[in-house]
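K.L.:
Sequence:
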Amino acid sequence: LITSIASSPRAQDVRTLIFHCSEPLGHVLATPASPIEELTLSNCGISSITIGKSHTGTALKHLDLSKNNLTTVPYFGYLPELTELDLADNSIRSIREGSFTFNEKLETIDLSRNNIKRIELNAFERPLKKITLDENLKVVCDKDWPLFLRYATKNNVEWSLPGSNDVQCDSE
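Note that the numbering used here numbers the sequence shown so that position 165 is 689, with each residue one more than the last.
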């Protein structure tokens with residue numbers, strides 16, 4: 525795994541890093557430094573990730589953590605330039621309040637094919653352009669689902685959850 529690209533004379537020209545992992549990484553510590561704008565760690569067996577604060581700042585706009593083993597939404601507060609986040613095909617169960625508080629430029633989140641059953645009130649504090657929730661059908665059974673719908677309507681958020689009208693919720 526690459527630990528540094530700073531020693532390369534052309535490091536300042538690198539804008540995109542795409543990792544192809546042959547073995548599961550487990551926990552990852554990532555500190556994306558400028559000028560990296562796009563980082564793909566898809567299908568790397570990541571069970572947790574800590575995003576560290578870069579002393580040089582970060583220009584990261586697109587982060588792809590799809591097809592991993594994440595069960596919670598990691599803290600992305602040290603990525604103020606982030607506009608697009610792909611968390612599809614993980615094992616995320618809920619979206620907690622304040623999950624994206626410090627990501628003021630975030631526009632698009634793909635949460636497709638997780639196991640999301642709950643979206644807490646104020647999970648999305650800022651208006652986003654698009655939230656994809658495909659194949660997380662049990663989320664409509666959450667007591668806060670109407671609040672998410674109100675948020676999406678009020679902020680003109682494009683969202684998708686095909687098949688949500690056909691879900692049978694278990695009565696408790």
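No wet-lab data here; the hints were simulated from the structure. Ideal placement from N, C-alpha and C gives every residue a C-beta, glycine not left out. A hint or two may mislead.
[To be verified] Simulated pairs of lysine to any residue, SDA-like, Cα-Cα distance not exceeding 25 Å:
1. Lys591 <-> Leu671
2. Lys629 <-> Cys665
3. Lys577 <-> Ser590
4. Lys585 <-> Pro651
5. Lys629 <-> Thr540
6. Lys641 <-> Glu605
7. Lys662 <-> Glu605
8. Lys585 <-> Asp690
9. Lys662 <-> Lys629
10. Lys678 <-> Asp694
11. Lys577 <-> Asn593
12. Lys654 <-> Asp634
13. Lys654 <-> Asp694
14. Lys653 <-> Gln692
15. Lys577 <-> Val552
16. Lys585 <-> Arg620
17. Lys641 <-> Thr574
18. Lys577 <-> Cys545
19. Lys662 <-> Ser618
20. Lys653 <-> Glu631
21. Lys653 <-> Asp694
22. Lys629 <-> Asp690
23. Lys667 <-> Lys629
24. Lys641 <-> Lys577
25. Lys585 <-> Ser615
[Unchecked claim] Pair by pair, the computed Cβ-Cβ distance ranges are:
26. Lys678 <-> Arg617: 23 to 29 Å
27. Thr596 <-> Lys678: 34 to 40 Å
28. Glu631 <-> Leu541: 26 to 32 Å
29. Glu547 <-> Leu671: 28 to 34 Å
30. Glu649 <-> Glu562: 23 to 29 Å
31. Cys693 <-> Thr540: 39 to 45 Å
K.L.:
Look at each hint and say if it fits the structure.
P.N.:
For each hint, the structure was consulted:
1. This hinted pair does not check out: lysine 591 and leucine 671 have alpha carbons roughly 28 Å apart, beyond 25 Å.
2. Of the supplied pair hints, the one linking lysine 629 and cysteine 665 is violated, its CA atoms being roughly 30 Å apart against a limit of 25 Å.
3. Restraint check for lysine 577 and serine 590: the C-alpha separation of about 22 Å stays at or below 25 Å, so the hint holds.
4. Between lysine 585 and proline 651 the alpha-carbon distance is near 17 Å, which keeps this suggested pair within the 25 Å criterion.
5. Straight-line distance between C-alpha atoms of lysine 629 and threonine 540 comes to about 19 Å, which keeps the hinted pair within the 25 Å bound.
6. Taken as a hint, the lysine 641 and glutamate 605 pair is broken in the structure, with Cα atoms around 29 Å apart against an allowance of 25 Å.
7. For a cut-off of 25 Å, the pair hint linking lysine 662 to glutamate 605 is broken: about 32 Å separates their Cα positions.
8. With a CA separation close to 36 Å, the supplied pair lysine 585 and aspartate 690 exceeds the 25 Å bound.
9. Between the alpha carbons of lysine 662 and lysine 629 the distance comes to roughly 29 Å, so the proposed pair goes past 25 Å and is violated.
10. Restraint check: the Cα-Cα separation between lysine 678 and aspartate 694 comes to about 29 Å, which exceeds 25 Å; the hinted pair is violated.
11. Taking the CA atoms of lysine 577 and asparagine 593, the gap is near 23 Å; set against the 25 Å cutoff, the hint holds.
12. Taking the CA atoms of lysine 654 and aspartate 634, the gap is near 8 Å; set against the 25 Å cutoff, the hint holds.
13. A C-alpha spacing of about 29 Å is found between lysine 654 and aspartate 694, which places the hinted pair above 25 Å, so the restraint is violated.
14. A distance of roughly 29 Å separates the Cα atoms of lysine 653 and glutamine 692; the hinted pair therefore is violated under the 25 Å criterion.
15. Distance restraint check for lysine 577 and valine 552: the Cα-Cα separation of roughly 14 Å lies within the 25 Å cut-off, and the hinted pair is therefore satisfied.
16. Distance check on the hinted pair: lysine 585 and arginine 620 sit about 22 Å apart at the alpha-carbon level, within 25 Å; holds.
17. Taking the CA atoms of lysine 641 and threonine 574, the gap is near 24 Å; set against the 25 Å cutoff, the hint holds.
18. About 24 Å separates the Cα atoms of lysine 577 and cysteine 545, which keeps this hinted pair within 25 Å; it holds.
19. The straight-line distance between the Cα atoms of lysine 662 and serine 618 is roughly 11 Å, inside the 25 Å bound, and the hint therefore holds.
20. This hinted pair checks out: lysine 653 and glutamate 631 have alpha carbons roughly 5 Å apart, not beyond 25 Å.
21. For the hint pairing lysine 653 with aspartate 694, the CA-to-CA distance comes to about 31 Å; that exceeds 25 Å, so the pair is violated.
22. A C-alpha spacing of about 34 Å is found between lysine 629 and aspartate 690, which places the hinted pair above 25 Å, so the restraint is violated.
23. In summary, the hint linking lysine 667 to lysine 629 is not supported, as the alpha carbons are separated by about 28 Å, beyond the 25 Å threshold.
24. Among the hinted pairs, lysine 641 with lysine 577 is inconsistent with the structure: their alpha-carbon atoms are about 31 Å apart, more than 25 Å.
25. For a cut-off of 25 Å, the pair hint linking lysine 585 to serine 615 stands: about 23 Å separates their Cα positions.
26. Distance hint check: the CB atoms of lysine 678 and arginine 617 are about 26 Å apart, consistent with the given range 23 to 29 Å.
27. One distance hint, 34 to 40 Å for the beta-carbon pair threonine 596 and lysine 678, is violated here, with the actual separation near 27 Å.
28. A beta carbon spacing of about 21 Å between glutamate 631 and leucine 541 contradicts the range 26 to 32 Å that was offered as a hint.
29. One distance hint, 28 to 34 Å for the beta-carbon pair glutamate 547 and leucine 671, is violated here, with the actual separation near 41 Å.
30. Between glutamate 649 and glutamate 562 the CB atoms are about 25 Å apart, so this pair conforms to the stated range of 23 to 29 Å.
31. Between cysteine 693 and threonine 540, the C-beta spacing of about 42 Å keeps the proposed range 39 to 45 Å intact.
Checked against the numbered hints listed earlier, the structure breaks hints 1, 2, 6, 7, 8, 9, 10, 13, 14, 21, 22, 23, 24, 27, 28, 29; every other hint is satisfied.
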